[in-house]
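Here the protein sequences line up with chains A and B, keeping their order.
Note that the first sequence covers residues 85 to 466 in our numbering.
Note that the second sequence covers residues -15 to 396 in our numbering.
Worth double-checking, as some hints may not be accurate.
As the list claims (entries may be wrong) - Below, a list of computed lysine-lysine pairs in the DSSO-like style, where the Cα atoms sit at most 27 Å apart:
{"#": "1", "chain 1": "B", "residue 1": "K227", "chain 2": "B", "residue 2": "K314"}
{"#": "2", "chain 1": "B", "residue 1": "K26", "chain 2": "A", "residue 2": "K259"}
{"#": "3", "chain 1": "B", "residue 1": "K71", "chain 2": "A", "residue 2": "K265"}
{"#": "4", "chain 1": "A", "residue 1": "K259", "chain 2": "B", "residue 2": "K31"}
{"#": "5", "chain 1": "A", "residue 1": "K266", "chain 2": "B", "residue 2": "K71"}
{"#": "6", "chain 1": "A", "residue 1": "K419", "chain 2": "B", "residue 2": "K232"}
{"#": "7", "chain 1": "A", "residue 1": "K239", "chain 2": "B", "residue 2": "K31"}
{"#": "8", "chain 1": "A", "residue 1": "K314", "chain 2": "A", "residue 2": "K160"}
{"#": "9", "chain 1": "B", "residue 1": "K71", "chain 2": "A", "residue 2": "K259"}
{"#": "10", "chain 1": "A", "residue 1": "K266", "chain 2": "B", "residue 2": "K18"}
{"#": "11", "chain 1": "A", "residue 1": "K265", "chain 2": "B", "residue 2": "K26"}
{"#": "12", "chain 1": "B", "residue 1": "K71", "chain 2": "B", "residue 2": "K227"}
{"#": "13", "chain 1": "B", "residue 1": "K208", "chain 2": "A", "residue 2": "K177"}
{"#": "14", "chain 1": "A", "residue 1": "K265", "chain 2": "B", "residue 2": "K18"}
{"#": "15", "chain 1": "B", "residue 1": "K26", "chain 2": "A", "residue 2": "K239"}
Keep in mind the hints are simulated off the structure, nothing from the lab.
Computed from a prediction, not measured in an experiment: that's the story for all the values here.
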Amino acid sequence: MMLKKGFVFAFLTGILFFITACGDEIQQSPVFYETENPTNLSDWNILHIQIQTLYLSDRVVPYDLNSPLFTDYAHKLRTVWLPEGTTASYRDKEALDFPVGTIISKTFYYPTPNGSPQGGATVVHSDDKTAQHLNPGLNLSAVRLMETRLLVHRKDGWVALPYVWTDDQSDAILKRTGDIKKLELIGRGEGRENFAYIIPNANQCAGCHATNATTRDIAPIGPKARHLNKDYPYADGVKNQLVAWQDMGILVDLPDEKWPQNVDWKASNASLNKRARSYLDINCSHCHNPVGAADTSGLLLEPSTPDGTNLGRCKIPIAAGTGTGNRIFDIVPGKPDASILTYRMHSTNPAVMMPELGRSLSHTEGVALISEWITAMNGTCE
Amino acid sequence: MKRSTLMGLVMIPLTLAACSAQETGSPENSADVKFQETLQLKLLDAKSGDVITIPEGTFHFDRSLSLTVDGVTIRGAGMDKSILSFKGQVAGAEGLFVTANNFTIENLAIEDTIGDALKISEGNNIVIRGIRTEWTNGPSTKNGAYGIYPVQTTNVLMEGNVAIGASDAGLYIGQSKNVIIKGNRAEFNVAGIEIENTINADVYDNIATNNTGGILVFNMPALKQEGKNTRVFNNKVYENNTKNFGHKGTPVASVPAGTGVTINSNDNVEIFNNEIRDNKTANIIVSSVYSTNYSEGETTTDYDPYPEAIYIYDNQFSGGGNSPDGLDLKALKVSMFGLKGSFPDILWDGYYNKGKLVNGKMPVEFSICINNGDIGIANADGPGGYKNPTKDMSIHKCDLPKLQPVKLGTAG
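Pulled out of the complex, with its shape left as it was, chain A reads as follows (with noise of 0.2 Å):
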């Protein structure tokens, strides 16, 4: 029996090898699966790998968002797909509204040093350059894959699935109970940082992109007109993400007036307050809005969110427990230090840090920014 079993698994992984070799001749289009869930990325055909290289199937699209959320200085490799014939409606606040058989995906993944092996535990630390490094393909030599996410939207609503790239990265296996991988980041000031790359379970997927925590629908948190309302360098030049969509045939209803649109929280030419807004809004307001996980708390980080109490100034926090810091308030207006909102930002304490996922590091630079930003608030709340 055991020989038998043995024997078919060969033959199966030999096809495999077979197709896969066959490179030109292997179907290029992705494959919406309604209700199965495949054990292999490989087996939807968002992405695939010729010779050392990553690249993207037929039709689909790579996207950038204006800031994106920080996740232990990964790289993130965006793309949509939407079927043949069919197409997303602009919305003005919420994600667009993109039909059933939508494949969206999100590649994590580092840079590693030259002559890693791999799969190596060592990453290195640079800015995210994902869209220039696409053209033609992602070369694998040069970066360690470490997860690929799925929404895939079926007749019932989008559900999320977590694919961990095997060691020798030749695919990703579904891993709905999550993972932690432990990497070490090089590259970041001068020392080296080990850390645990966590990979979320399935409930904890949609413990961020169920951003109605009562209906608990599960939704795409990036592809929203602000986020998207940016320029991306395409093959055949830059053109702004929405306008792309648009001509591509997989965008209708854009209106004709000024669509919203967050900056990058990088942009020297941006205010300070936009930046800091931007980056609370991709970082916090999935779960702090009013109808999100975090309206327990009652602190509310989206764009349409006033300057005031439910921001966070001079509010005291509702059941922070340890995440306090010994502080009084979320926001104390000039003064970083005092205020719950960074301390909570900069820990990696599990039981303090926010988010409450998606990280083990600290991001000092987003530290950095809300600081600054909340340096230059003025009042005080005596």
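On the provided structure of chain A, position chain B as indicated by the hints.
Just chain B now, kept in the frame of chain A:
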């Protein structure tokens, strides 16, 4: 021949398991990876109606568990038999995080989580029974915040649980409706049992001892729901004198050590038939958010900071009030009752809504009514800067209509 091969195969994994168990000294490696994944997978794949059983034994976890499926029961073999240990946890803000309706958890322990032990958010019809949450090193500011922590839930039964060592509240209910908390034991927490911004709660037959504060009924500002209608009765609330080890900035960090029952900014609260004794600051404190170290500026305009319609009757008091926590309270006690004197059983900070006075008197329906034999009250005169404290009982000699018992399953 065959048999020996089989034996060999069985032996190898056993040997391996034994080796790895011995080698792993550091807590993060000691997570029982297999059981952790098995249990999390069961929680992911659960269907409504499923009962997930936790066998006897101690199981180690290094990450949070979570459940989002309605109608699931998690059942252990007993709070001292089935133990989920999170010592060395590296990720996740709680031990088990549940966002689901019709959820029951019973007969197991959750120990040493880095954050909250059991958090349940936004669910209807929740039963938490025979659960022990504990930080096994004893009270410490380093302990996780909450033991049992349902928030924004409806129809909740918390029964026969034990909560030990939480750096915030052992048993907590927040922003919820229709709650029964009965027959629990809370010990060595900052707050033993805390009812916060909750509507309709019955809290009875519980034991709260050795906490900083025994039972707390709180309303916090800036939230969507203000609490009211809480009955605290037939409880034993004694010797809650543990030094406050909460984190500065948390509401409970302002609770003086030695507090039996505290009502803070909440309305329609009944305290009756309890045995409340030997709480060194005061057996009962009635206060406003104004005297809990928060500024007036931050409270939202529609928030009611005054404790109103508070009815205290038929309790058995003894001892307590003899050694209040903090210099201000000590000074107040000495000035009112002398060096060897004690606070009376009830300490009130004195804040009230002047806008509600009618002909200079507070209507009964907004008053703090006391009908409890010859016990006394100390009014600390918070609004007057603590300059003219009084012992005047006359405005408290009144009765209020009694609240209705909570019935589960009537809202939601």
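Of the numbered hints stated earlier in the document, which are not met by this structure? Of the numbered hints, all hold.
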